[in-house]
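S.K.: Below are the chains, spelled out letter by letter.
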Amino acid sequence: MINSRFFNRSELIGFLSLLLLLAVILPFFLDTFRLNLVAKYLTYSFVALGLVMCWGYGGILSLGQGVFFGLGGYCMAMFLKLEASSVANTKIQSTPGIPDFMDWNQITSLPLFWKPFHSLTLTIIAILVVPTLLAFIIGAAMFKRRVGGVYFAIITQAIAAIATILIIGQQGYTGGINGMTDLRTLNGWDIRTDSAKVILYFFEVAVLFACIITAQFIRLTKLGRILVAMREQEDRVRFSGYSVANFKIFAFCAAALFASIGGAMFTLQIGFMSPSFVGIVPSIEMVIYTAVGGRMSIFGAVYGTLLVNYAKTMLSESFPELWLFGLGGLFIAVVLFFPNGLSGIWRDHVARHVDRLFAMRSSAARKAWANKSSVADGAPAE
Amino acid sequence: MLVGHQPKDFLLAVEGLTVSFDGFKAVNDLSFYVEENEIRVIIGPNGAGKTTVLDLICGKTKATSGSIQFRGTELTKMKENQIVQAGVGRKFQTPSVYEDLTVFENLEICFPRGRSVFGSLMFQRDAAVRERVQEVAEMIFLKDRLDMYAAVLSHGQKQWLEIGMLLIQDPDLLMLDEPVAGMSVSERAKTAELLNTIIKNRSVLVIEHDMKFVEDIAHKVTVLHQGQILSEGTMEKVQNDPKVIEVYLGH
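The listed protein sequences correspond, in order, to chains A and B.
What the first sequence shows, in this note's numbering, is residues 1 to 382, in sequence order.
What the second sequence shows, in this note's numbering, is residues 1 to 251, in sequence order.
If you're looking for bench data, these hints aren't it; they were derived computationally from the structure.
For every residue, glycine included, the Cβ atom is placed at its ideal position computed from N, Cα and C.
Be aware that one or more of the hints could be misleading.
Footprint (simulated), chain A over chain B, 3 or more residues, beta carbon under 8 Å [to be verified]:
no., stretch
1, 74-85
2, 90-104
3, 113-124
Use the sequences and the hints to build the structure in full.
M.R.: Structure, rendered in structure tokens:
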């Protein structure tokens, strides 16, 4: 699948260097603790990838991606929690066999909507379907009525706030503000050990690359071009015979699906899920990762997420109170000075030199590239 | 004159069309009929409701009352994209092309295939698409610029590109809102030539201010004034109509 047509040269360089970094360099040089941190950062890059599709290409800014991240994360956590709450493990509770927080809240039997999460297959289906369905409902309700732009962003933000309040309020069903903690095994396999964390890291990288390739595939179809067209001239698309609402719903659902997969990965890596990853602040942070990486760039989304989170960890380790100011400043700087983010800087200042380097190596290659570059390199690499 | 005609005899039959914006009737009880292969030009002073009429036909604005029949199908109840699929194409006043896409991609998007979400995911750029894009690009004088981004085209070229985007849809009724506005003299001449090629086998509804241009292309002219028809007929007849001279041409 990876050939010169699927990725042009600069994209291929981006793809391979990211693969090298994530699959070879980082696991080789980092200890398990740091690698686990990278794994955590990468879970957000799924969300950022979704935002590239939906915001970067389609022009639909969602400030509520934390909801979908959380839904995926909670679905995974429910499965792990049920497994950790076997009758043997919970025999000191007044009702053994149900999660501890339910017991504390005087719930005496497992609620109906928890029952499917006994099965890993149904859990995976839920991770993929539930957030996509919710995005479909929200999208259909908004886009069919032509709600868009800032209004859509505000409504998604409100949904993020509502979701947090709901999760915290329904303590007996969701674990409340503490979230779901004390997750231990996945089908009997202990996910807390160092070796499990390394295996999960590689699994996550593999899933991430599957998502990157999916996103790239979508981008290269006519649908990808329609998203760009829609961002620029919505009416022209409508009067070319397309139902703009359906395309927006698709982009929003795709973004929700990616976010949900990221959330499920988060639960597996970190071993808990709580409402603090669902609300307004995390949702906006995820948008900032995308903006820093470059909202038009699939690879930029991953690099942006890694860098901002790395900075966050570094800064909050030394100056915890300064981080939020740093993040706000970073966002303002990106919007004012680098509207295309890191990928824009790369494209405008670095890519040219890299291309020259390659071009010098063979004049035949240069000729072929010169024919192609005017078309292929500009936008796609963004 | 029109009594006894069935609406089906016409490509487009607009009857009793009214739209009111907060009580202001931009179009008031308007009726007109466009035949197959007819070129109809709508003229009228600013605020006469010309653009609103096109908006109503293509579904951008919903009518307050009245009917718009296209080949016997009622358009007022349909969504914009369904109206397009029924065979009505609309060009806007300001050129609206996709600047971040190439000329080729701009034209390709308007190729009438794979218009659903999954259809567009499965869409293949096959020989039929490439040939049609080439053919249209040649008609709109842009065949050497297929790989350029639309953002770098001149104003006139963008207008042509948008006309090309409509052309590739192959609509039965083509609606153009001031196609030569803002064009240079040589661009105008080329556009007239372009319009004369593309009007074959379809009906065209044009809004235009340039009287020389109108005279060149119109089969029939409708003069709108304050949302109503002031006069209708050949250019010659309209030009000699004292009412028209008073409100419009005399100035």
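S.K.: Can you give the numbers of the hints that this structure goes against, from lowest to highest?
M.R.: none
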